[in-house]
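K.L.:
Assemble chains B, C and D with the ligands onto chain A, guided by the hints.
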Amino acid sequence: MPRIQVVPLLEVVRETPTTMTYRFRADLGGQPGQFLMVWIPRYDELPMALSYLGAVKGITVRDYGDATHILAAFNAGDRIGIRGPYGNVFRLQGEKVLAVGGGSGMASMIAAIESFAQQGARVVTAVGAKAANELLFVERANASGEVHIATDDGSRGFKGFVPALAEKLVEREKFDQVLTCGPERMMKAVVDLARKHHVPVQASLERYMKCGIGICDACSLDDQLVCVDGPIFTAEQLEGSEDFGHFRRDKSGRRVAA
Amino acid sequence: MPRIQVVPLLEVVRETPTTMTYRFRADLGGQPGQFLMVWIPRYDELPMALSYLGAVKGITVRDYGDATHILAAFNAGDRIGIRGPYGNVFRLQGEKVLAVGGGSGMASMIAAIESFAQQGARVVTAVGAKAANELLFVERANASGEVHIATDDGSRGFKGFVPALAEKLVEREKFDQVLTCGPERMMKAVVDLARKHHVPVQASLERYMKCGIGICDACSLDDQLVCVDGPIFTAEQLEGSEDFGHFRRDKSGRRVAA
Amino acid sequence: MVDLRTEVAGVRLRNPTMLASGFLDETGGSMARVYEAGAGAVVTKSIGPQPREGYPNPTIVELDAGLLNAVGLPNPGIVEYEREVKRAHAAGAVVIGSVFGKDADEYATVAAKMATYGVKAIELNLSCPHAKGLGTEIAQHEDAVQEFTRAVKDVVSLPVFPKLSPNVQDITTFAVAAEKGGADGIVAINTLKAMAITPELKMPSLANRFGGLSGPAIRPIGVRAVYDICEKVHIPVIGVGGIGSGRDALEYIMAGASAVQVGTAIISKGLGVFNEITKEMASLLEDAGFRSVPEAIGVAHA
Amino acid sequence: MVDLRTEVAGVRLRNPTMLASGFLDETGGSMARVYEAGAGAVVTKSIGPQPREGYPNPTIVELDAGLLNAVGLPNPGIVEYEREVKRAHAAGAVVIGSVFGKDADEYATVAAKMATYGVKAIELNLSCPHAKGLGTEIAQHEDAVQEFTRAVKDVVSLPVFPKLSPNVQDITTFAVAAEKGGADGIVAINTLKAMAITPELKMPSLANRFGGLSGPAIRPIGVRAVYDICEKVHIPVIGVGGIGSGRDALEYIMAGASAVQVGTAIISKGLGVFNEITKEMASLLEDAGFRSVPEAIGVAHA
Ligand SMILES: Cc1cc2nc3c(=O)[nH]c(=O)nc-3n(C[C@H](O)[C@H](O)[C@H](O)COP(=O)(O)OP(=O)(O)OC[C@H]3O[C@@H](n4cnc5c(N)ncnc54)[C@H](O)[C@@H]3O)c2cc1C
Ligand SMILES: Cc1cc2nc3c(=O)[nH]c(=O)nc-3n(C[C@H](O)[C@H](O)[C@H](O)COP(=O)(O)OP(=O)(O)OC[C@H]3O[C@@H](n4cnc5c(N)ncnc54)[C@H](O)[C@@H]3O)c2cc1C
Ligand SMILES: Cc1cc2nc3c(=O)[nH]c(=O)nc-3n(C[C@H](O)[C@H](O)[C@H](O)COP(=O)(O)O)c2cc1C
Ligand SMILES: Cc1cc2nc3c(=O)[nH]c(=O)nc-3n(C[C@H](O)[C@H](O)[C@H](O)COP(=O)(O)O)c2cc1C
Ligand code: FES
Ligand code: FES
Numbered sequence: 276m277p278r279i280q281v282v283p284l285l286e287v288v289r290e291t292p293t294t295m296t297y298r299f300r301a302d303l304g305g306q307p308g309q310f311l312m313v314w315i316p317r318y319d320e321l322p323m324a325l326s327y328l329g330a331v332k333g334i335t336v337r338d339y340g341d342a343t344h345i346l347a348a349f350n351a352g353d354r355i356g357i358r359g360p361y362g363n364v365f366r367l368q369g370e371k372v373l374a375v376g377g378g379s380g381m382a383s384m385i386a387a388i389e390s391f392a393q394q395g396a397r398v399v400t401a402v403g404a405k406a407a408n409e410l411l412f413v414e415r416a417n418a419s420g421e422v423h424i425a426t427d428d429g430s431r432g433f434k435g436f437v438p439a440l441a442e443k444l445v446e447r448e449k450f451d452q453v454l455t456c457g458p459e460r461m462m463k464a465v466v467d468l469a470r471k472h473h474v475p476v477q478a479s480l481e482r483y484m485k486c487g488i489g490i491c492d493a494c495s496l497d498d499q500l501v502c503v504d505g506p507i508f509t510a511e512q513l514e515g516s517e518d519f520g521h522f523r524r525d526k527s528g529r530r531v532a533a
Numbered sequence: 276m277p278r279i280q281v282v283p284l285l286e287v288v289r290e291t292p293t294t295m296t297y298r299f300r301a302d303l304g305g306q307p308g309q310f311l312m313v314w315i316p317r318y319d320e321l322p323m324a325l326s327y328l329g330a331v332k333g334i335t336v337r338d339y340g341d342a343t344h345i346l347a348a349f350n351a352g353d354r355i356g357i358r359g360p361y362g363n364v365f366r367l368q369g370e371k372v373l374a375v376g377g378g379s380g381m382a383s384m385i386a387a388i389e390s391f392a393q394q395g396a397r398v399v400t401a402v403g404a405k406a407a408n409e410l411l412f413v414e415r416a417n418a419s420g421e422v423h424i425a426t427d428d429g430s431r432g433f434k435g436f437v438p439a440l441a442e443k444l445v446e447r448e449k450f451d452q453v454l455t456c457g458p459e460r461m462m463k464a465v466v467d468l469a470r471k472h473h474v475p476v477q478a479s480l481e482r483y484m485k486c487g488i489g490i491c492d493a494c495s496l497d498d499q500l501v502c503v504d505g506p507i508f509t510a511e512q513l514e515g516s517e518d519f520g521h522f523r524r525d526k527s528g529r530r531v532a533a
Numbered sequence: 021m022v023d024l025r026t027e028v029a030g031v032r033l034r035n036p037t038m039l040a041s042g043f044l045d046e047t048g049g050s051m052a053r054v055y056e057a058g059a060g061a062v063v064t065k066s067i068g069p070q071p072r073e074g075y076p077n078p079t080i081v082e083l084d085a086g087l088l089n090a091v092g093l094p095n096p097g098i099v100e101y102e103r104e105v106k107r108a109h110a111a112g113a114v115v116i117g118s119v120f121g122k123d124a125d126e127y128a129t130v131a132a133k134m135a136t137y138g139v140k141a142i143e144l145n146l147s148c149p150h151a152k153g154l155g156t157e158i159a160q161h162e163d164a165v166q167e168f169t170r171a172v173k174d175v176v177s178l179p180v181f182p183k184l185s186p187n188v189q190d191i192t193t194f195a196v197a198a199e200k201g202g203a204d205g206i207v208a209i210n211t212l213k214a215m216a217i218t219p220e221l222k223m224p225s226l227a228n229r230f231g232g233l234s235g236p237a238i239r240p241i242g243v244r245a246v247y248d249i250c251e252k253v254h255i256p257v258i259g260v261g262g263i264g265s266g267r268d269a270l271e272y273i274m275a276g277a278s279a280v281q282v283g284t285a286i287i288s289k290g291l292g293v294f295n296e297i298t299k300e301m302a303s304l305l306e307d308a309g310f311r312s313v314p315e316a317i318g319v320a321h322a
Numbered sequence: 021m022v023d024l025r026t027e028v029a030g031v032r033l034r035n036p037t038m039l040a041s042g043f044l045d046e047t048g049g050s051m052a053r054v055y056e057a058g059a060g061a062v063v064t065k066s067i068g069p070q071p072r073e074g075y076p077n078p079t080i081v082e083l084d085a086g087l088l089n090a091v092g093l094p095n096p097g098i099v100e101y102e103r104e105v106k107r108a109h110a111a112g113a114v115v116i117g118s119v120f121g122k123d124a125d126e127y128a129t130v131a132a133k134m135a136t137y138g139v140k141a142i143e144l145n146l147s148c149p150h151a152k153g154l155g156t157e158i159a160q161h162e163d164a165v166q167e168f169t170r171a172v173k174d175v176v177s178l179p180v181f182p183k184l185s186p187n188v189q190d191i192t193t194f195a196v197a198a199e200k201g202g203a204d205g206i207v208a209i210n211t212l213k214a215m216a217i218t219p220e221l222k223m224p225s226l227a228n229r230f231g232g233l234s235g236p237a238i239r240p241i242g243v244r245a246v247y248d249i250c251e252k253v254h255i256p257v258i259g260v261g262g263i264g265s266g267r268d269a270l271e272y273i274m275a276g277a278s279a280v281q282v283g284t285a286i287i288s289k290g291l292g293v294f295n296e297i298t299k300e301m302a303s304l305l306e307d308a309g310f311r312s313v314p315e316a317i318g319v320a321h322a
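Residue numbers (the numbering used here), protein chains in the order written: chain A, 276 to 533; chain B, 276 to 533; chain C, 21 to 322; chain D, 21 to 322.
Chain A extracted, bound-state conformation (with noise of 0.2 Å):
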């Protein structure tokens, strides 16, 4: 049996302006973090994380560079491949949990989100986006806890990047863990300050991915795979690590400014 399944998109969904979700069901399984490889016929196949576990699942998308473009115009019935899922999970440690979202990263965390609070944690939000039509995921964030919103316009919550909005929740409230996915620089800021705070911390991190199985070497950071060892990481993992917020691997394999 070939690993790769094609499903047709049962929905799509728009979340933002430049974000969308796809909905299909898939013979697969699936936990809060994990990822699949999603084919787009004829133009690429690329790591997205699971949005939705349950029996329809989904993906959602930023419409970001030629494929992800490609993608903002599928409709349903397209068809797209799925191999996975693939990737380690976030684990809920104790009871009240503190999830800092950047952009498209939420996409990453919400899964978690919802099962952390089902299985009874206090879950606390912080959303960002560059602005208030930009925020994703607010209302499942919102009916699983509670939500903080920041906009680098400032149009929408607390004006500036969401590290600092998290920072004075941090101070605010002693949290168990924080979940953390988004830009590479913004989990370096969130990482470190729960590391000031001593809270326990699992970063999501994005890597330029091709066997998405442990084999080509394209994710790795320092000596782990994102694929494989990852994609979620604690502070101690990530700490001294040199690539960490500071550098990544171009598809040659070049190391380049993160």
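Just so you know, nobody snuck in bad clues.
Quick list of simulated restraints, FRET-style, between CB atoms:
(1) Leu303(A) <-> Ala322(C): 21 to 31 Å
(2) Gly352(B) <-> Ser288(D): 27 to 37 Å
(3) Gly138(C) <-> Arg470(B): 31 to 41 Å
(4) Asp163(C) <-> Gly352(B): 50 to 60 Å
(5) Gly138(C) <-> Ala407(B): 53 to 63 Å
(6) Asp123(C) <-> Leu303(A): 52 to 62 Å
(7) Asp525(B) <-> Lys289(D): 45 to 55 Å
Quick caveat, the hints were computed from the structure, so don't treat them as lab data. A quick note: this is a predicted structure, and the numbers were derived from the prediction, not measured. Backbone N, C-alpha and C fix where the C-beta goes; we use that ideal spot for every residue, glycine too.
P.N.:
Same frame as chain A, but now just chains B, C and D with the ligands:
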């Protein structure tokens, strides 16, 4: 995982001047009537019935031609390759069973004789051989029921062929089924007499085999394959057969006299 | 409902599956049974001029990803084989006669005789990777493929399908040679040169040491061969190698095959494999919006 | 206890397993980790003169019997790669540098540079089946294999191991050419030309359409290649293709390999595969009465 297991012989037991039992541990199941393909390294690979089904399996082999003659010189510690078990199974039908074995044919039936007896059936075995010292598994059959003996030279028991002895037993007592294994002409006689007396019969046939798994067509009998449809056939299946008792295939696939 | 009928060089098939040569086709009884089980056609065992015993056992080794064999072309010879073809025809089977020989003459002689038995086409086994000194070895050169094909075409008025070996640098040059020799279609692929060793016995697992690999392991190699060949020739191609499902069959068909052959999958799926393949193929074709098999042939080249 | 140490053309190995080129060897961190996980040596990704992005995704397709890939030789180029080799050496790894180029000169230039990084041997990738216009395609001719090998031998004083393609009629003629070119050892085999089609999308599964097949599917093909090569050359052979267990490794060693490389099995077994292989190998060797790896090399030829 390769399907061939290499096993050291734990024990080699002489059963008759020309027949030896080889015992070995193997990671496989096996039910009464099934066979293994037995690789005699550097010589041949041959089908052999499982004459012992427990944790320590066994095959019982007549020193007959080239390869079995080589095997006759094997000792404990020597290694053979085995694959299987293959083929269908002797089935208990009713409560009174007559087993009719000729020569090394007892090797295929003895596990069924023991198993049927254990399930509570009355098992009467008619064992035939050229001479008294060639009788196989008389004691094991005796421990599982009643034994009657026929030898061609009259050196023990009934003087004559075992089908004639079987006919007497069938006339004496109403059996629910007949099992038989031995030279094909003998089996033909047994099948005919069982049919005459309206007793269901299961005959375990022997054909030259290559694959043992239903692809090479070496073992065909009319449009049946002895390796996967057999080796055990009912009188109904053999009724109208052009081959049974008359023709077999040689190694080139030519149809020759049985 | 998808129409599964197809046609290869004038040979009409109720569905695009055929029994591959060397599987349950030494006897007419078995061929009849395979046809009754749903195959669109049956290809005979490769038959030579004389009876041949083949290699000693072990001749077959099941591996994790495929089957290794060195049966060594056992066959009862073309004279005796008449009986088997007749038996298969009596059951209504569409029979394609596979032949081999040691040179062009022998191929032609055996093929001519096979043609008189009423088969619908001749397959030339130019590709058995483990039979020394037969045409199957000679045919590792493009010239020989062209010559043997021509020799057979000259003596039969049936479609002729040379079956090619993947054990070459570029199989398409052989396909082109066959086409030049007058072939009406190409069969690809035969088994790959391979070997297994049983470490516990410190020796090769086959009596013949070397053998040919078939089954799932070789499907991607066969699909590529068919795809490549279809870009170079104008005659139909019959795909074979590792097919065990409708999906597998469609890989070949979309790569350009007009029909497919099935062998090793019989081990795991039994003769039900033919019906299973045609059923799954029909449902996948339907999902993809095709109404017939010919519509799907070669679409992956787009 | 069986002594697992072995040696290939003077390169001493703590055990006969190596990481195959193309797996977790684009970065020094990963190579260090693989060595720490138990590999006897690590072979680098094949490195060329310039950075190269490789093909677009999908570049990898998992099939039932193996892995199909067309990554297209992505690599950061020989200059930048120094950093990665240093990082691997810092962890004590035994590193073999794999190189490619578009002609003999480029092979020699890249190899010479690689040699200055302190690697223990040079592997020449003469065999990638899906990179057009590179030496890997040119090297489908015996002359080129001899020439490229010679060119590299002329500029480095390390052992040189050409890695051969199975996509040829007879791999032994290439091994002989390599030996004539001065090779110190042969690596066999690279992946087989292959293709997969996704019927639901009516198109090839790889962006590059074609790719190379690795994994369990190709083990019997690799074992045969190694067996055949060992009958024709007098230099050591390193076996690669579908090895995932100690038993698999011993098939190659008994066929004549002095060491083995492991790639695709990492997918299913993770990096623990190296320890798993050496442990199982030791136990099978012990059962078979061998006290060291070299004693078992080539015993299946007896
Ligand atoms: C584990 C994981 C989960 C992700 N989940 C999501 C998600 O849920 N939603 C979402 O919108 N994005 C997600 N991403 C990021 C997403 O994969 C990239 O943004 C996307 O690949 C950009 O593709 P593109 O072709 O449109 O851009 P391109 O024009 O190809 O490139 C723009 C940039 O995107 C990145 N990129 C391109 N291809 C890949 C690739 N194969 N793998 C990783 N990064 C790549 C590179 O940094 C590149 O410079 C995830 C990434 C990872 C690693
Ligand atoms: C299902 C089955 C179960 C069997 N069980 C037993 C058993 O428990 N004990 C036993 O002693 N014998 C058994 N046999 C018969 C046994 O396989 C043959 O007697 C044996 O193969 C003879 O081998 P040889 O090399 O010594 O003789 P050879 O010199 O090779 O040939 C002698 C004759 O043996 C037969 N024979 C040879 N090779 C094979 C083969 N691969 N398959 C079938 N027949 C062959 C042929 O009729 C041949 O003419 C069984 C056969 C079958 C089909
Ligand atoms: C046991 C066996 C016998 C074969 N005999 C022949 C043969 O006689 N002639 C032939 O052309 N191909 C022969 N083949 C090759 C098959 O016809 C087919 O090309 C190959 O097995 C690949 O298909 P598969 O993967 O479906 O088995 C044989 C293959 C096997 C395994
Ligand atoms: C993703 C991938 C990348 C590869 N890259 C290279 C390479 O750069 N150079 C090379 O010589 N071989 C390369 N190969 C071939 C492997 O080194 C090896 O020869 C082949 O995969 C067979 O071994 P395996 O079955 O253990 O994987 C690559 C294989 C794969 C699957
Ligand atoms: S994407 Fe290939 S190793 Fe992670
Ligand atoms: S032995 Fe091969 S089909 Fe029965």
